[in-house]
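Enquirer: As given, the protein sequences belong to chains A, B, C and D, one line each in that order.
Our numbering runs 17 ahead of the 1-based position in the first sequence.
Our numbering runs 17 ahead of the 1-based position in the second sequence.
Our numbering runs 17 ahead of the 1-based position in the third sequence.
Our numbering runs 17 ahead of the 1-based position in the fourth sequence.
The reader is advised that the hints may include incorrect statements.
Same chains, same names: a pair is fine if it fits in one copy or spans any two.
No more than 20 angstroms apart at the CA atoms, straight line, and that leaves these computed lysine-lysine pairs for PhoX-like [said to hold, decoys possible]:
#1 142 to 98
#2 86 to 135
#3 80 to 135
The set of hints was computed from the structure by calculation and includes no laboratory data.
There are 4 protein chains.
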Amino acid sequence: MYTSETQIRVRYAETDQMGVVYYGNYATYFEVARVEALREMGVSYKSMEEDGIMLPVLEQYMKYIRPAKYDDILTIKTYLKELPSARIRFEYEVFNEEGTLLTIANTALVFVDATTMKPCQAPRKLITLLEPKFKNGN
Amino acid sequence: MYTSETQIRVRYAETDQMGVVYYGNYATYFEVARVEALREMGVSYKSMEEDGIMLPVLEQYMKYIRPAKYDDILTIKTYLKELPSARIRFEYEVFNEEGTLLTIANTALVFVDATTMKPCQAPRKLITLLEPKFKNGN
Amino acid sequence: MYTSETQIRVRYAETDQMGVVYYGNYATYFEVARVEALREMGVSYKSMEEDGIMLPVLEQYMKYIRPAKYDDILTIKTYLKELPSARIRFEYEVFNEEGTLLTIANTALVFVDATTMKPCQAPRKLITLLEPKFKNGN
Amino acid sequence: MYTSETQIRVRYAETDQMGVVYYGNYATYFEVARVEALREMGVSYKSMEEDGIMLPVLEQYMKYIRPAKYDDILTIKTYLKELPSARIRFEYEVFNEEGTLLTIANTALVFVDATTMKPCQAPRKLITLLEPKFKNGN
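With the hints as constraints, model all of the structure from the sequences given.
Expert: Okay, structure coming up:
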């Protein structure tokens with residue numbers, strides 16, 4: 018398993034008139050969280066795209082437990098529980114500064130060859146970087 | 018069952034550099050779709066909030082089958098398959114102008130009393146308007 | 018002069034915790050307004066981009082007089098006061114349902130050849146469609 | 018004069034199909050920049066709002082010189098050139114990692130008493146913190 022933590026401060030733009038973060042804006046937080054998780058592993062999503070592999074989202078699930086508020090510093094824990102194949106699945110937990118669990122979510126994405134627009138396997142580089150984390154039931 | 022259709026034209030702001038609608042922006046489309054579905058039933062969400070009932074999102078699921086493109090006129094079919102109680106669940110299908118199914122999704126929301134911030138039952142008015150649609154296995 | 022009117026209903030996502038439309042979201046409203054103004058003239062911005070002409074924004078000014086609220090149907094009046102050359106300038110006024118002026122704004126955009134990424138003249142087709150509107154001091 | 022620097026990494030959500038940051042999203046960047054400038058001065062905008070003073074935007078101007086790209090780390094220099102009175106004006110310059118100037122902008126905001134919704138003077142605390150920066154033609 019691979020685990021990563023990212024912090025994001027809530028912007029005013031991201032609140033709505035209920036006085037909390039609009040439910041749709043979490044998708045952007047999860048984008049940031051998984052891109053930072055990949056960067057920590059040694060993979061830049063930007064470079065992956067420049068190398069001709071895109072990673073569109075296939076499926077997104079979010080459960081809202083408690084609201085996030087303006088100016089909160091959110092901690093997003095991102096989990097990769099399985100080695101990616103043609104797909105990659107990230108799971109997330111969002112906590113506020115008091116350590117309260119606000120949201121749980123997961124995203125499935127699919128590797129796509131940008132020239133053919135067809136699904137493809139995860140880049141070899143990513144697998145090589147991740148394999149040691151998934152040895153021996155880690 | 019209650020069914021409603023809403024049309025939304027994709028804005029440039031809603032695309033991303035993959036040349037398609039950013040996955041997080043569908044949450045806003047579904048917000049529009051369910052608010053228009055409620056309006057068609059005879060219920061204004063704005064008035065409901067002014068009357069002290071809020072409807073935060075509890076759970077959101079989205080499956081992305083094909084991408085939506087800039088300037089597409091999307092048709093969102095919104096389904097209410099059960100009478101609301103303390104919760105209400107909307108299901109959606111998004112189609113483009115060729116009738117291709119792009120996305121399926123569902124949202125669970127919870128009725129909340131704005132003064133106590135506690136969950137409450139769906140407003141009587143909404144139930145009364147909906148009951149005839151759910152008679153005799155419709 | 019060319020004048021066009023577009024209506025936009027305010028989405029919940031577009032409000033912030035001040036209970037009004039977030040100031041940054043007007044930029045999207047103005048994008049919709051000028052694209053609809055072009056469509057009314059007989060020009061699809063989408064097709065223009067497919068034909069290799071892009072129209073990035075060069076300058077944007079907005080003055081906020083009164084706030085727009087959730088679920089308001091806004092009327093945006095879009096004015097083209099000069100024939101486009103290498104640039105095009107749109108001016109806007111935003112009104113709510115009571116006819117109150119909420120915002121005034123203007124955008125300057127520049128025609129860019131998508132292959133060279135260099136500025137270019139407005140497409141001949143657009144000029145031909147617009148010229149009759151600008152005859153005799155109209 | 019008071020000067021502050023903030024760094025923001027461009028999110029995928031913030032790009033559009035032109036492959037650059039959507040012009041409307043800079044408004045959010047400037048919101049972050051001025052809130053961080055205030056925080057650096059010793060003033061939390063969140064606390065100011067909780068104390069009953071809101072700061073809606075009155076006027077916004079943006080000039081786009083070069084585009085910002087996905088994953089860029091932008092540096093926003095925020096300038097306060099005059100002591101606030103009933104209004105406060107921020108000026109900004111946005112640079113990319115190569116030090117290229119991408120955007121210049123300014124925002125005028127007005128202090129509003131949240132109970133009366135009437136304009137009011139800048140909080141005494143803010144003036145006291147800022148006055149030393151504006152002595153002797155600094």
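Enquirer: Work down the list of hints and note, for each, if the structure agrees.
Expert: The hints, checked one at a time:
1. 142 to 98: Within one copy only: 18 angstroms inside a chain, 46 angstroms across chains, cut-off 20 angstroms.
2. 86 to 135: between (40 angstroms within a copy, 18 angstroms between copies)
3. 80 to 135: The answer is between: 18 angstroms across copies meets 20 angstroms, while 31 angstroms in one copy does not.
In summary, the structure agrees with every hint in the numbered list given earlier.
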